[in-house]
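All chains should be built: construct the whole structure from the sequences, respecting the hints.
Chains D and G are the protein sequences, given in the same order. At position 602 of the first sequence (counting the first as 1) the number is 1178 in this note's numbering, and the numbers step up by one without a gap. At position 123 of the second sequence (counting the first as 1) the number is 131 in this note's numbering, and the numbers step up by one without a gap.
No wet-lab data here; the hints were simulated from the structure. As the structure is a prediction and not an experimental result, all values here were calculated from the model. Note that beta-carbon positions come from the ideal geometry of N, C-alpha and C, so glycine has one too. Just to be clear, a hint being listed does not mean it is correct.
Pair by pair, the computed Cβ-Cβ distance ranges are [claimed, not checked]:
hint, chain 1, residue 1, chain 2, residue 2, range
1, D, 809, G, 275, 46 to 52 Å
2, G, 274, D, 839, 29 to 35 Å
3, D, 831, G, 60, 48 to 54 Å
4, D, 1117, G, 144, 53 to 59 Å
5, D, 686, G, 132, 38 to 44 Å
6, G, 81, D, 1082, 49 to 55 Å
7, G, 275, D, 774, 31 to 37 Å
8, D, 866, G, 52, 34 to 40 Å
9, G, 52, D, 686, 49 to 55 Å
10, G, 144, D, 699, 46 to 52 Å
11, G, 249, D, 820, 52 to 58 Å
Taking lysine to aspartate or glutamate and the EDC-like style, the derived pairs with C-alpha atoms no more than 20 Å apart in a straight line are [as the list claims (entries may be wrong)]:
hint, chain 1, residue 1, chain 2, residue 2
12, G, 265, D, 862
13, D, 846, G, 82
14, D, 846, G, 97
15, G, 202, G, 234
16, D, 1042, D, 909
17, D, 736, G, 58
18, D, 846, G, 100
19, G, 265, G, 223
20, G, 202, G, 58
21, D, 736, G, 234
22, D, 1107, D, 817
23, D, 943, D, 896
24, G, 202, D, 775
So, partial list: chain D residues that the calculated Cβ filter (under 10 Å) puts toward chain G [claimed, not checked]:
hint, residue
25, 612
26, 622
27, 624
28, 625
29, 769
30, 773
31, 784
32, 792
33, 795
34, 797
35, 801
36, 805
37, 859
38, 860
39, 863
40, 864
Here is what each chain is made of, one letter per residue.
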Amino acid sequence: MRNARGLVCAALVVLSATLIGQAPQIPPAPTGQAPAIDLSGYWAPVLHEDFMERGPGSEIADYGGFPINEAGRLWALSYDPSRVTLRHHQCEAYVTPYQMRALGNFRMWEERDAHTQRLLAIHLWAQTTEGHRVIWMDGRPHPPAWAPHTFRGFSTGQFKGNALIVQTTHMKSGALRRGNGVPQSDQATLTEFFVRHGDHLTNVTVVSDPVFLSEPMVRSNDYYRQPVDPGAWLYACDDGEQILDRPDDAVPHYLFGKQPYVREFGTRYKIPVAAGLLGAVTMYPELSSRLRTANETETNALLSPAGGRPSETSKVVGGDARDGNVHILPVRDNVYMLVGDGGNIVVQTGDQGAFVVDAGEGKLSDKVLAAIRTLTNNPIQFIANTSFRSEHTGGNGVLGAAGQDPSLPGSFFVQAAPRGVTGFFSDPSSHATMMAHVNVQVRLQAAGAPAAAVPADTYLEDRRRKFHNGDAIEFFYQPNAVTDGDSLIHFRRADVIAAGDIFTTTQYPVIDVKNGGSIQGEIRALNEILKKTVYRHQGEGGTYIVPGHGYLADEHEVLEYRDMVVIVRDRVKAMVDAGATLQQVKAARVTADYDTQYGVNTGPWTTEMFVEAAYNSLKNGR
Amino acid sequence: MKYSHVRAYGLATMVVAVVTQAFAPRVEAQRGGPGGPPAPITPRASAPIDLTGQWVSLVTEDWRYRQFTPPKGDYGSLPLLPAARKIADSWDPARDEAAGEQCKAYGAAGLLRLPTRVRISWQDDAALKLETDAGTQTRLFRFGPTRADAGGTTPAGERTPGGDWQGASSATWDYPQAAFAGRGGGPAPGGSLKVVTVRMRPGYLRRNGVPYGAEAVLTEYFDRLDVPGGDSLLVVTAEVVDAEYLATPYWTSQQFKRETDTSRWQPTPCAAR
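Okay, structure coming up:
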């Protein structure tokens, strides 16, 4: 005991002499995820840079300093700021790169495990839009590609040196610049650095966006520490009617080359108009020499898609799961999304048999069944098809044969049903009941599908309803959307809508004009979804939408998709009204600002096919 | 009693560990080998980050103000006092040219806001040199106290604000807080370069005549941030304190990207317009 005390005293003496007598030495590294810097507290943004953007808002065509590609430039030029008067756009939050530039107070705090005190997460709350970010520090992986996106995205962090480095994925689409349309896509990823120098915090954002940027966009945001709680943290918003009697298929935008305010910015500040439109070079010292060669002809050319070239193709990586496996994503309550076998599948479970919406392409049906069996011990009782398209009905046969409908044996209908007409009623104990709009049945039968793969329980008019597994399930017929047999299927209690191919996050709508599809019907159907959704907070969450392909969405993704279809329709219609031929419409690249997201030039559904469908649809008044 | 022993030995072990950690960097720094005289560690040798190389401005904020000379009186975002507005409102680039003062926007407080390439190198073991091709300027960041002879004097012997647009800079390495608290072991994996610059010849914060004065103090932190799988960035966080012209400290942060191709280095003279 005495020896130990002596050792302690000696060590303290040596330590004191060491610390007092020496100049600062190279300090040791932080270990593990022990915070290298403490970011906790209240922070106020410094607005000594970009005050106009961050305060009053940016001007049209002021896109300088942003490495936007052609699609980004055209998207911005098409943008009309009055789009925010549309109900669903009114309360949208900011995407994280812009959120960090917002006015208002910020608060950061740590979340630690109650028992181990290990750092689990760093939280950040932004007053503007009540933006709550969670930066996970516990090493958890990022979600899969088919998981929902949010305005904040999914963030993980680690300390390195004197910085907190944060990686963010799964952001929604939004504004990279406030107010003038410079876009950020839902494929953007973000790397951030938080560096603190005393009471000064610097946040550096590096946005990589394969859809709209030609190289990463780097900005830095400064904050100063506030000693006390500023006490203002809320940002209430509810949407409402701002412009009465506007048709629901009206989306404010400008046709290519028709942006009326494009020259205001340059004129006001005596800057060449091209300066704001040239993309990445505008960030560099070379801008001044580049502008010496920019003439009026080039400037005008920047206002419309470049001609004489094929459409761009999608820069999205991994939009659909194609790894040969079927993946389960819990949606809400007892509703799940299965991805991997062509079109997305919805499974609802409960004390009754499983209710399945769409059956996938059928190439991985055994894996689909195996996945469903992990969710419920009960058999598949119902299969509903959102359309007759093969990515959604290809698995009908296998999934149907694996199910059974216990509500039918012994019923009058089974006893009285003429054998061979509906197929399933002949032996309901060994087959699920299949439901769809009657036109799905008609199209599948016409295509020669086996009876066991054709829905027998059909409806004819605008609505079908069913209460199953404790939830009210509604079918809403959408005439002439992508086909003439499309249904939206709404699980009311879970508040999940299966949209089928009316809505996807991966491709232009597959408007099958020969089988009854039309662009007007598609727009109507998308608006029908938006009439049924309720967001939870600041334009996101709430009603979930399972797309025909792609990731689990909410109304924001449907809204942007609806806007896209309306805008492309308007462009095609303007040309049709002016007497343009189909070839002229195709050559005009009317989808140029969306092609890096959805464009495909080969395969079963190309950009040209979509444009042609829109053209033919409009020529036929549909 | 037995418990006390355990507790005491545990405490002793902790203290020894702390002492070992406190000594470790010093031992590392001595480099003289056992028995040899300790070699003084130099700022260059103790650099926690490598800032050397060529960097190019990424003008993504205040773009209009930085890529172009804004119109007279256009001083948005700046926390100016009336005295500054009065000077800015009388800005006359022709007058600056005639007076040979076309470098007023290239002084230390405004230099790194300009679109430029930057080369950073060690002039010696205790001073970093920063050169810009815009305006062909050179800043010297000397570690240690500011040199007393920086700046100039009047014929009457009074100290003037400085004979040089870049003033006098003193540099220090700035380490993460936790590292000073003695966590972990081994050399610091990161840190910043802190530079305090005084005695600048009065110049412009913005090309269109927004002034900073003789007593302005510029404090900068140079951070190197390596994007995983991407570019190396240099971020310079700057604070200008100037009681003569600024109502509050003026805070900005400028970002640069590292260039391996140095062929775009193009020295140009100062321009007043």
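Close enough to count: is the Cβ of residue 864 of chain D nearer than 10 Å to one in chain G? Holds: closest Cβ of chain G sits about 7 Å from residue 864 of chain D, inside 10 Å.
Going straight from one Cα to the other, do residue 202 of chain G and residue 58 of chain G come out at no more than 20 Å? 14 Å, holds
Starting from the range 53 to 59 Å, see whether the pair residue 1117 of chain D and residue 144 of chain G falls in it by beta-carbon distance. 55 Å, holds
Hinted contact residue 622 of chain D with chain G - closest CB pair below 10 Å: This interface hint holds because 5 Å falls under the 10 Å limit.
With 10 Å as the cut and Cβ atoms as the points, is residue 795 of chain D at the interface with chain G? Holds - the Cβ of residue 795 of chain D comes within 10 Å of chain G, reaching about 5 Å at its closest.
Chain G contact restraint for residue 792 of chain D - C-beta distance below 10 Å: 6 Å, holds
Restraint check for residue 943 of chain D with residue 896 of chain D, where alpha carbons must lie at most 20 Å apart: 17 Å, holds
Residue hint residue 859 of chain D, partner chain G, criterion CB-CB below 10 Å: 5 Å, holds
Satisfaction of the hinted span 49 to 55 Å by the C-beta atoms belonging to residue 81 of chain G and residue 1082 of chain D: At 51 Å between Cβs, range holds.
Does residue 97 of chain G lie within 20 Å of residue 846 of chain D when you go C-alpha to C-alpha? 18 Å, holds
Chain G contact restraint on residue 860 of chain D - CB to CB distance below 10 Å: 6 Å, holds
So does residue 831 of chain D sit 48 to 54 Å from residue 60 of chain G, Cβ to Cβ? Since the Cβ atoms of residue 831 of chain D and residue 60 of chain G sit about 51 Å apart, the hinted range of 48 to 54 Å holds.
Violated hints, listed in ascending order, are 9, 19, 35, 36; each of the other numbered hints is respected by the structure.
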